[in-house]
Amino acid sequence: MSKKRIVATTGNGAVAEAMRQINPDVLSIYPITPQTAIVEGFSKFAANGLVDTECVTVESEHSSMSNCIGASAAGARVMTATSSQGLALMHEMLYIASGMRLPIAMFNVNRALSAPINIHCDHSDSMGARDTSWIQIYSEDAQEAYDNTIQAIRIAEDRRVLLPIMVNMDGFIISHGIQKAEFIEDKEVKNFVGEYKPLMPLLDIDNPVTYGPFDGLGGFFMEHKKNQADAMERAKSVILEVADEFAKVSGKKYGFFEEYMLDDAEVAIITLNSSAGTTKHMVNELRAKGLPVGLLKLRVFRPFPTEELANALKHLKAVAVLDRALSFGSVGPLFSEVKATLFDLEVRPKVINFIYGLGGREYTLHDAKRVFDVLMDIAKTGKVEKNFDYLGLKEVEVLTWR
Amino acid sequence: MEIKDLTEKKERLTSGHRLCAGCGAPIVVRQILMGTDEPVVVACATGCLEVSTTIYPSTAWDVPYIHSAFENAGATIGGVEAAYRSLKRQGKLDKEIKFIAFGGDGGTYDIGFQSLSGVLERGHNIVYVCYDNGAYMNTGIQRSSATPRGAWTTTSEVGKVQPGKKQNRKNLTACVAAHDVPYVAQASPAFWKDLVRKSTKAFEADGPAFLNVIAPCPRGWRHPSDQTLRIAKLAVETCFWPLYEVENGEWKLTYKPKEKKPLVEWFKTQGRFKHLFKPENEHLLEELQEKVDKDWEKLLKLCGEA
Numbered sequence: 001m002s003k004k005r006i007v008a009t010t011g012n013g014a015v016a017e018a019m020r021q022i023n024p025d026v027l028s029i030y031p032i033t034p035q036t037a038i039v040e041g042f043s044k045f046a047a048n049g050l051v052d053t054e055c056v057t058v059e060s061e062h063s064s065m066s067n068c069i070g071a072s073a074a075g076a077r078v079m080t081a082t083s084s085q086g087l088a089l090m091h092e093m094l095y096i097a098s099g100m101r102l103p104i105a106m107f108n109v110n111r112a113l114s115a116p117i118n119i120h121c122d123h124s125d126s127m128g129a130r131d132t133s134w135i136q137i138y139s140e141d142a143q144e145a146y147d148n149t150i151q152a153i154r155i156a157e158d159r160r161v162l163l164p165i166m167v168n169m170d171g172f173i174i175s176h177g178i179q180k181a182e183f184i185e186d187k188e189v190k191n192f193v194g195e196y197k198p199l200m201p202l203l204d205i206d207n208p209v210t211y212g213p214f215d216g217l218g219g220f221f222m223e224h225k226k227n228q229a230d231a232m233e234r235a236k237s238v239i240l241e242v243a244d245e246f247a248k249v250s251g252k253k254y255g256f257f258e259e260y261m262l263d264d265a266e267v268a269i270i271t272l273n274s275s276a277g278t279t280k281h282m283v284n285e286l287r288a289k290g291l292p293v294g295l296l297k298l299r300v301f302r303p304f305p306t307e308e309l310a311n312a313l314k315h316l317k318a319v320a321v322l323d324r325a326l327s328f329g330s331v332g333p334l335f336s337e338v339k340a341t342l343f344d345l346e347v348r349p350k351v352i353n354f355i356y357g358l359g360g361r362e363y364t365l366h367d368a369k370r371v372f373d374v375l376m377d378i379a380k381t382g383k384v385e386k387n388f389d390y391l392g393l394k395e396v397e398v399l400t401w402r
Numbered sequence: 001m002e003i004k005d006l007t008e009k010k011e012r013l014t015s016g017h018r019l020c021a022g023c024g025a026p027i028v029v030r031q032i033l034m035g036t037d038e039p040v041v042v043a044c045a046t047g048c049l050e051v052s053t054t055i056y057p058s059t060a061w062d063v064p065y066i067h068s069a070f071e072n073a074g075a076t077i078g079g080v081e082a083a084y085r086s087l088k089r090q091g092k093l094d095k096e097i098k099f100i101a102f103g104g105d106g107g108t109y110d111i112g113f114q115s116l117s118g119v120l121e122r123g124h125n126i127v128y129v130c131y132d133n134g135a136y137m138n139t140g141i142q143r144s145s146a147t148p149r150g151a152w153t154t155t156s157e158v159g160k161v162q163p164g165k166k167q168n169r170k171n172l173t174a175c176v177a178a179h180d181v182p183y184v185a186q187a188s189p190a191f192w193k194d195l196v197r198k199s200t201k202a203f204e205a206d207g208p209a210f211l212n213v214i215a216p217c218p219r220g221w222r223h224p225s226d227q228t229l230r231i232a233k234l235a236v237e238t239c240f241w242p243l244y245e246v247e248n249g250e251w252k253l254t255y256k257p258k259e260k261k262p263l264v265e266w267f268k269t270q271g272r273f274k275h276l277f278k279p280e281n282e283h284l285l286e287e288l289q290e291k292v293d294k295d296w297e298k299l300l301k302l303c304g305e306a
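Here the protein sequences come in this chain order: A and B.
Sequential numbering from 1 applies to the first sequence in my numbering.
Sequential numbering from 1 applies to the second sequence in my numbering.
One should not assume that every hint holds.
Stated by the list, open to error - Only pairs whose alpha carbons sit at most 30 Å apart, straight line, appear in this in silico DSSO-like list of lysine-lysine:
{"no.": "1", "chain 1": "B", "residue 1": "K166", "chain 2": "B", "residue 2": "K92"}
{"no.": "2", "chain 1": "B", "residue 1": "K291", "chain 2": "B", "residue 2": "K252"}
{"no.": "3", "chain 1": "A", "residue 1": "K280", "chain 2": "A", "residue 2": "K380"}
{"no.": "4", "chain 1": "A", "residue 1": "K44", "chain 2": "B", "residue 2": "K268"}
{"no.": "5", "chain 1": "A", "residue 1": "K236", "chain 2": "A", "residue 2": "K350"}
{"no.": "6", "chain 1": "A", "residue 1": "K180", "chain 2": "A", "residue 2": "K197"}
{"no.": "7", "chain 1": "A", "residue 1": "K190", "chain 2": "A", "residue 2": "K3"}
{"no.": "8", "chain 1": "A", "residue 1": "K187", "chain 2": "B", "residue 2": "K92"}
{"no.": "9", "chain 1": "B", "residue 1": "K9", "chain 2": "B", "residue 2": "K193"}
{"no.": "10", "chain 1": "B", "residue 1": "K301", "chain 2": "A", "residue 2": "K190"}
{"no.": "11", "chain 1": "B", "residue 1": "K258", "chain 2": "B", "residue 2": "K298"}
{"no.": "12", "chain 1": "B", "residue 1": "K260", "chain 2": "A", "residue 2": "K197"}
{"no.": "13", "chain 1": "B", "residue 1": "K260", "chain 2": "A", "residue 2": "K187"}
{"no.": "14", "chain 1": "A", "residue 1": "K197", "chain 2": "B", "residue 2": "K298"}
{"no.": "15", "chain 1": "B", "residue 1": "K258", "chain 2": "A", "residue 2": "K190"}
{"no.": "16", "chain 1": "B", "residue 1": "K291", "chain 2": "B", "residue 2": "K301"}
{"no.": "17", "chain 1": "B", "residue 1": "K166", "chain 2": "B", "residue 2": "K201"}
{"no.": "18", "chain 1": "A", "residue 1": "K289", "chain 2": "A", "residue 2": "K248"}
{"no.": "19", "chain 1": "B", "residue 1": "K166", "chain 2": "B", "residue 2": "K260"}
{"no.": "20", "chain 1": "A", "residue 1": "K289", "chain 2": "A", "residue 2": "K369"}
{"no.": "21", "chain 1": "A", "residue 1": "K280", "chain 2": "A", "residue 2": "K187"}
{"no.": "22", "chain 1": "A", "residue 1": "K225", "chain 2": "A", "residue 2": "K187"}
{"no.": "23", "chain 1": "A", "residue 1": "K280", "chain 2": "A", "residue 2": "K248"}
{"no.": "24", "chain 1": "A", "residue 1": "K190", "chain 2": "B", "residue 2": "K298"}
{"no.": "25", "chain 1": "B", "residue 1": "K95", "chain 2": "A", "residue 2": "K197"}
{"no.": "26", "chain 1": "A", "residue 1": "K44", "chain 2": "A", "residue 2": "K3"}
{"no.": "27", "chain 1": "A", "residue 1": "K369", "chain 2": "A", "residue 2": "K180"}
{"no.": "28", "chain 1": "A", "residue 1": "K386", "chain 2": "A", "residue 2": "K339"}
{"no.": "29", "chain 1": "A", "residue 1": "K44", "chain 2": "B", "residue 2": "K88"}
{"no.": "30", "chain 1": "A", "residue 1": "K280", "chain 2": "A", "residue 2": "K226"}
To be verified - Beta-carbon label-pair distances, calculated as ranges:
{"no.": "31", "chain 1": "B", "residue 1": "E96", "chain 2": "A", "residue 2": "E182", "range": "44 to 52 Å"}
{"no.": "32", "chain 1": "B", "residue 1": "N248", "chain 2": "A", "residue 2": "G218", "range": "21 to 29 Å"}
{"no.": "33", "chain 1": "B", "residue 1": "T139", "chain 2": "A", "residue 2": "H91", "range": "20 to 28 Å"}
{"no.": "34", "chain 1": "A", "residue 1": "A8", "chain 2": "B", "residue 2": "H179", "range": "25 to 33 Å"}
{"no.": "35", "chain 1": "A", "residue 1": "D230", "chain 2": "B", "residue 2": "K95", "range": "30 to 38 Å"}
{"no.": "36", "chain 1": "B", "residue 1": "E96", "chain 2": "A", "residue 2": "G49", "range": "20 to 28 Å"}
{"no.": "37", "chain 1": "A", "residue 1": "G49", "chain 2": "B", "residue 2": "M1", "range": "25 to 33 Å"}
{"no.": "38", "chain 1": "A", "residue 1": "G216", "chain 2": "B", "residue 2": "M1", "range": "54 to 62 Å"}
{"no.": "39", "chain 1": "A", "residue 1": "G218", "chain 2": "B", "residue 2": "R230", "range": "53 to 61 Å"}
{"no.": "40", "chain 1": "B", "residue 1": "G159", "chain 2": "A", "residue 2": "H176", "range": "34 to 42 Å"}
Keep in mind that the hints were calculated from the coordinates and are not lab data.
The beta-carbon is built from N, C-alpha and C at its ideal position, and this holds for glycine as well.
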């Protein structure tokens, strides 16, 4: 295991540092709150000649992803970062990056989408990109954001995968909060990510290839999509292999999810990103009182670890899925998937959904306590009164609102 | 440069594509690609040229090629060039390669305008070519901001209260020139020597270069497919499509018709203008001629010819 630097950093600072250590060939830069500090931090590294990266300061996120696509197809190792509206503006190009099987790595600092305009955290941005065939990894804190960024490159570039990857962390809560983090040495990162060897690059002018052809009726569009789905499936074992290798370098072990006091729990919360920290705290408090509560923090949302998740949850009496995004006209996006995952079990836990933290609304210990109270009631009675609710909602006269 | 020399050059856009007979676009592309002997990487905006040359699993491109979307040929080729610059600086690549993007007028004047402006402003060493057929031809002849005033399209219909497109066309070449890039030119495939020379200048420019090339569309312009180059020539001789270049900010006319033909001569060649010859639209013919005259005078001044 390598030597480590222990630092006080923000989540954005940690990601910029990981990017410097990775030293990509091309970085697309466009600012958006709360992501901006990542590209600013990197710009400073570039200005001081600490990286070989060609920094392309594009005029929009749409061009940012288009630039990444051109550069990645050309044969470069490519990264970018964004948030919210920026990710939404890229949306069209996200499909094209994955359809061309380009291993672009992107950092997304989760932020709510307009309207009304709001700069704070929720997961409506990354959940909106759910079906774009990007691998999605979530990070609880600055440390995980750093560790995930380094692992992301290896996962995306693996020949069994060749799909773009998006690493997420919560806007402001993690991106701007100062935390303790451990950075591994530059040479260890360099060694871990290795030299990038592109497959069929445009710059190999002696072997011309056509990227992005027209593949209409009578063509092979459906076969291409199946190949993509297969690659996503193969990404599962690659994610675990990369995590194992990373553990050797960093001493930190990652998987599809983290189980916190889940083994002997009767009820549990499932959540993504920073709310896991608050929930862990409440698990500790309730465990001290003898209550059988636990947490499952999902790290990998795409590919969705269906079997592993069902296996980890099957012994529970009740499960609450916390969604920081809402699929209007339906329920939380994570809830739908967890519920579907559990359906095939012969004996299933009861599963309920709470929508929380939209637009940065605080997720408090009080909220976590409330969820566990509801879960313990369900465990006791076997009855679910309400399977969908909101946390921390202000009491307003709803009827007067449109 | 002799035409014989050009015929001996290797075709980089090969035969077997599915563009219409008489389409101006492949003629333009071939002439442009004759402008350099260096290896090239091509990007295309979504459009006729793109869908008709890369029907999977075939491709008519004998050079590395990328199409990503409609509005971003500029940003896409900029990305390719950025990768090239990075890898070259790191000593991972030592070849001399040129980068070129092709977009139709829809993908350039309209939806792709921002991406084009961005790549020009950032100074990528690329050539961007607009093959201007004056409408969204790939979706079936809808107006664009390059469509001439008075022209029929399916979204600038000719009816009881509307005689074709109501607005003047956007002067994109001037818009691009305002970006202060090293080389900007307007060309026509009917003037092949002029076009290939401009292409060479564009490829050799140190920084972004832009070429706006008229590319008649037999389907959309409603003309016989053997008339393409004649119509592309008449566009220049009526001064509807003057040939000029802006080299490091200096405007220069590259062809001055001996006799400036009346615009109606050009209108007569195309079905999309036939309604203009009805008595109730005669005033329009006058107005359109006045506009062309005014623009021509303005251009002569810019080029120091008046």
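Consistency of beta-carbon spacing, A:G49 to B:E96, with hint 20 to 28 Å: 25 Å, holds
Pairwise hint evaluation, A:K3 against A:K190, where the allowed Cα distance is 30 Å at most: The given pair, whose Cα atoms are some 14 Å apart, holds under the 30 Å limit.
Satisfaction of hint between B:K193 and B:K9, Cα-Cα up to 30 Å: This hinted pair holds, its Cα atoms lying about 15 Å apart.
B:G159 versus A:H176 beta-carbon gap, inside 34 to 42 Å or not: 58 Å, violated
30 Å Cα cutoff - pair B:K166, B:K201: With Cα atoms ~36 Å apart, B:K166 and B:K201 exceed 30 Å; violated.
Hint consistency between A:K44 and A:K3 [alpha-carbon to alpha-carbon, up to 30 Å]: At roughly 25 Å apart (the allowed maximum being 30 Å), A:K3 and A:K44 satisfy the hint.
Hint consistency between B:K260 and A:K197 [alpha-carbon to alpha-carbon, up to 30 Å]: 58 Å, violated
C-beta pair A:G218, B:R230: status relative to the range 53 to 61 Å that was hinted: 36 Å, violated
Pair hint outcome, A:K386 versus A:K339 [Cα-Cα no greater than 30 Å]: It holds: about 15 Å lies between the C-alpha atoms, which stays within 30 Å.
Pairwise hint evaluation, A:K197 against B:K95, where the allowed Cα distance is 30 Å at most: OK: B:K95 and A:K197 at ~18 Å, within 30 Å.
Whether the CB-CB distance between A:A8 and B:H179 falls inside 25 to 33 Å: 45 Å, violated
A:E182 and B:E96 - C-beta distance against the hinted 44 to 52 Å: 45 Å, holds
When each numbered hint is compared with the structure, violations occur for hints 1, 4, 6, 10, 12, 13, 14, 15, 17, 18, 21, 22, 24, 30, 32, 34, 37, 38, 39 and 40.
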